[in-house]
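Take a look at the letters that make up each chain.
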Amino acid sequence: MKNTRTVGAIALLGAGLLMLTACSGSNPGGGSGGSDPIPLGYTATLSGDFASYGLEMKEGVDLAIEQINADGGVLDRKLTTDVVDDEGKPANGPVIAQEFCDNAQIPAVLGFSFSSVALSGLPVYTQCGLPVVASAVTSPELSGASEVFFRTVFTDAYQGAEAAKFWSQNRGVKNVAVLYQQDDYGKGVADAFSKALEEAGGTVTSSQAYQLGTVNFGSTVDTALKGNPDAVFIGGFYTEAGKIVNQIRDAGSDVQILASDGSASPVFLDLAGKNADGVELYSAFSASDPRAEATGFVEAFKKKYNKEPSSWAALAYDAANVVAKAIEKAGSTDRAKVVEEIRNTKDFNGVSGSITFDKEGNRVGTLTFQRVENGKFAVITE
Amino acid sequence: MSNTHTTPIVILKPELGMKRWIWPGIFLILGLIAPFILPGDKWIRVAALSLVYVALASGLNILVGLTGLLDLGFIAFFIVGAYTTAIFTVRSFGPVLEANPAALMWVLPISVVAAIVLAGIAGTIIGYPTLRARGDYLAIMTLAFGEIVRIVSINWTDFTGGAVGIRNIPPLSISSGMVPPTVTYFVLFGIVVILLVALASLIASPVGRAWVAIREDELVASSMGIRTRRYKLLAYVVGASTAGVIGVFFAHMNQFVNPDSFTLEDNFIVLSLVILGGAGTFWGPITGAVLWIFFQAVAKDIPLIQSHPEFRTGFLALIVIVLMLLRPGGIVSKRLELTRARGGALPPQGEVQPFAGAAPKATGEVVLAVDRLKQVFGGLTALESVTFQLRHGEILGLMGPNGAGKSTLLNAISGVTRATSGTIEADGERIEKLESSAVSTRGIARTFQTVRLFWDMTVLENLLVGGHTRLAGFLPKFLSPFPFVRRGERATVAEAEAVLSFVDVWEIRDRRASSLDAYQQRRVEIARALMTRPRVLLLDEPAAGLNESETRDLARLISRIREQHIDVILIEHDMDLLMGVSDRIVVLDHGVIIADGPPNEIRKNPAVLEAYLGSDAK
Amino acid sequence: MQEIINGLAVGGIYGLLAVAFSVVYGVLGMVNFAFGEIFMFGAFGALVATQTNTVIAGNSVPGAALPTWLAIVIGLVVGSLIGWLIERVAYRPLRNAPILSMLITAIAVSMLLRAVATFLFGAAQVPVARPELGDPLIILGARVQRIDLVVLGVAVLVTLAFWAVIRFTPIGRAIRATAEDKDAARLMGVGVDRVISTTFVLGSAMAAIAGILYSQRYGFAAATMGFIPALKALVAAVLGGIGSIPGAFVGGLVLGVSSPRPTCRKAPPTAM
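Protein chains in written order, with my numbering: chain A, 2 to 383; chain P, 3 to 620; chain L, 12 to 283.
Bound-form chain A, shown alone (with noise of 0.2 Å):
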């Protein structure tokens, strides 16, 4: 009957579906040592509406590797990345993480966009005790959340409360309409921001949520220049900001913008066009750092991508340089020595300024301030 046929397809699929996990999943057998390359795994959301940010930290990541590679590599040895897109979905965390912990031949992780998908991977990893040096992900949820959790990219916590001080001091700004996108990063940002200002003195004249997505923000923006604010922060990504920035300018207002390091593209210096202008924003980096490291590593991204790194390029070459280092101190790809020696990381000269972890995994170092001159991110420091 019609029903075997049905049997005898699936069956044929299933097994065939079968084969192609044994082609994919096994491991070749790990040599040791000797010329075999070392594959550092990458994972990060690299599609849909915010795979920017995971494709900038893998340009980071990949010129490192390029340089590394190019100085001899690390013990001997090449240095290659073994990508996986989690698509920015907190349920692929774990089976992703599970990937990585059965290849052996990886000592460690870098990536990361979404806090989510990293705290759902996180007991994983501290199971088979592969150490995580993330670039991009700043929920204070991630502080101390696992013995193999580091990162080069500061906190929420500690952006927030640093940006509301300097600008509060330097800026003299006392009353501030808050906007923040609806998810952890945005929420963190603007209860740290509003916390560490009111501390300052300051008031948070308003505090609104938008939804990821959102283009239309002409009621938000009115009811954020009511009561004539100082100034406008705007904690979230730069697909939304650029669009706030506009539509404040549309009003007819010229009030001080402030951003999250979320703006830190040169996607929002494109879409908000010549009203970019004037905005200022924190990062972990700037382009127009003058310190050597910076400098030199700006020509050499410009060289290869003919464009400027965003931070997150910048804080992902960082971690993969990290990670390197501590694996040629460890003397060894053995997860356990190389988990050490990235604890042990201490001054590190990173490109993003000195990097050292704390006892909760967090980086140690200063913010980078920045303002929009002539269509161009540009250091400021006071």
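These are calculated hints, taken from the structure and not from any lab test.
Every residue, glycine too, gets a C-beta built ideally from N, C-alpha and C.
The reader is advised that the hints may include incorrect statements.
Said to hold, decoys possible - When the alpha-carbon atoms are kept at most 20 Å apart in a straight line, the in silico EDC-like pairs for lysine to aspartate or glutamate are as follows: (1) A:K196 with A:E163; (2) A:K275 with L:E143; (3) A:K326 with A:E163; (4) A:K227 with L:E14.
Claimed, not checked - One-sided and incomplete, this derived list gives chain L residues near chain A with beta-carbon spacing under 7 Å: (5) E14; (6) Q136; (7) T235; (8) G258.
Based on these hints, arrange chains P and L on the given structure of chain A.
For chains P and L alone, coordinates are given in the frame of chain A:
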């Protein structure tokens, strides 16, 4: 759907004995050995994830596939389940579990029960407003409500942790320390097997048949005595509870929930699995879920995909399109098992059971009394003022030119429409305000002008729906794991076969309804009506589409029905049939009765002739 | 008042899309989810046509650098072409299939188009130059951007034109007949296949125009830009009454005005 799509003869004999275990057996074995043949822990996690989607797809299948309710917000129930257990195990019982991980043994069942209850409530809340909604409205409403649940989970920070979510949900183990993926997989496997067995039992019961009947033809389902709104709500509750339960285990599997874990897109993904696999079948959604999740995981490893992640969705979408063009019904076409009772091998004696609701009546007693019935539709008055009685032991013919209001009258009597004014009394009880399912339980059954069978069901299954009201009852009655069959089912199947034998269609009882010829269809429809054990049978143009010999046969059948002490109202245009079989005839024209008497009087009545032929006739 | 004005322009865009959904649903009995992607391709078609240097699939190619008005026409053509193609290849063979299968195919087509667009144009939002029309006007005490007036005006005009076509022309009659009863229309000599194709092309043209307006108004185009507007337009079409052109358009306006409901909080408590 009218029967212009006769399919080739399809016999769907239910499997007996060992054969029916093949499909479940294969899946069970595959599921049990999966962790040992899959290469690597990552694939075991993927397999565990696919089990989650198997449950989700099966739950949604109840709504979309079986009952025909397009729920686009199904993930909301999954969210409720996941957050319920997160809150219980981290907040309420957090300290208890930290001190004693083995306590999960009793905390988890509490979570599960709570999830079932809460998800069920959510299902009722979301389902209720959609009950009277049209198809497209229903979809949008469910989409909106689903989104609302998601937004609440983001905003109700104190309760749900807001955008940050809830972390450190204990894993599925009674000891502290890490849980190997294999253990998680087997726990999930156990839960999913239990869920599927429960669902299968529900489907092979009056509940499942009611759902399919509602999907196929809600109007007819209602005239069989099925309270359609109630069963639609039940579909929501069952689907929601299934999603809620698996949500609990999903949360424990990932040890973390936050609103990002459940997006709007996931609704469409689960829906795709159901349709791709085969909506309305049992193994379809299961197959769809497993294939999809594994395919996604495999696709991720292809280097081309790694450099261009968008190829993955693009490629999968392409496969869906191709598959739909080749097999629009979905991959799996094996039909649902709608009853576990098996019929006999020999035709039984043909008989029809009597109506059980009242004492038998004497010949000539008034059974149905219609008094000054008026039916107005918008600006049109279909029935002006209709008054007549039906007496026990008679076959009452109803005739009239086209547009006279005959079918409208039948609709009013059977509760399909509500009359504007006037009364209808059945055995002394006023029934004009009752809806069709209530009228059916009062012992009034009907057929329709164009045959309306449940085309996707077999003849026997059609009949079983007729026996619904006798079988329906408290839900857990049906949750018997196979192969035990309830006595009630067996008795009903036996009765159905007897009725089929009475109408002389027992031989075709396993044929799909859409593969019958016109006369067979008509007889099955009458048999199904008889299955409801009526005392009054309303036949609406049963001879339409039949040839002469079939019509004569039908006349004999109608007489035999009268012999079973069932009174008949017969609408017919075929004068030979009508005059030949009726004891009395009532003539309707422009919404009023213009004649009422025995056939030979009616034949000569000038008013009747004028109505039919115009005033020139003599 | 200001709030209403703010929402009308985007409401007009949703209205255009809603009308497209409504008419296609009336004629085909299914929701064409892919209109969101046609919306997006219309925008990209216009954008690419104006660029001096386009990046297609990661490769830099010299662009056509056409003037804006021509680019808009090209965007329209691209959108309509894609719509026609979808109908011919994916929907027509499934005309007699169960309605759920058509639904899932529409969703799959939508996903496929998004993937193709991501491959061609990348995942990020591509900036689109917003037209400089001058200072905002003050109408009834509210600030109205000139671009908003243009957007709303175009949306209304196009909808009116479409409505006129449906109401007064022979092809419009054929469309209405097919929507009411396909079989009867066929018996009356109406070329049902051609009518359905035409309806699709017209609907796609409207979706493409909506997409171009959207990208001009908000200054960006992205492979995923069509998903949310399509969903909103669908809701608008259902609320306004499927099959009713004015209903769908008004539904779109209402949705545009009431959409942005940011969750407002007063100043947050100092204890975090």
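message = Just to be careful, I want the Cα atoms of K275 of chain A and E143 of chain L compared with a cutoff of 20 Å; is the pair within it?
response = With a Cα-Cα distance of about 12 Å, the restraint between K275 of chain A and E143 of chain L holds, given a limit of 20 Å.
inquiry  = Next pair to validate is K227 of chain A with E14 of chain L; report whether the Cα-Cα distance is within 20 Å.
reply    = 14 Å, holds
ask   = Under the criterion of a CB-CB separation shorter than 7 Å, is E14 of chain L in contact with chain A as hinted?
value = With Cβ-Cβ at 5 Å, under 7 Å, it holds.
ask   = Taking the least C-beta to C-beta distance, is Q136 of chain L closer than 7 Å to chain A?
value = 5 Å, holds
inquiry  = Restraint: G258 of chain L near chain A, CB-CB cut 7 Å. Satisfied or not?
reply    = It is violated, given that the least Cβ distance between G258 of chain L and chain A is near 22 Å, above 7 Å.
query = Taken at face value, is the distance from the CA of E163 of chain A to the CA of K326 of chain A at most 20 Å?
reply = 29 Å, violated
query = Are K196 of chain A and E163 of chain A close enough, with their CA atoms no more than 20 Å apart?
reply = Holds, at roughly 11 Å.
inquiry  = Less than 7 Å between beta-carbons is the criterion; does T235 of chain L satisfy it with respect to chain A?
reply    = Status holds, d = 5 Å.
Checked against the numbered hints given earlier, this structure breaks hints 3 and 8; the rest are met.
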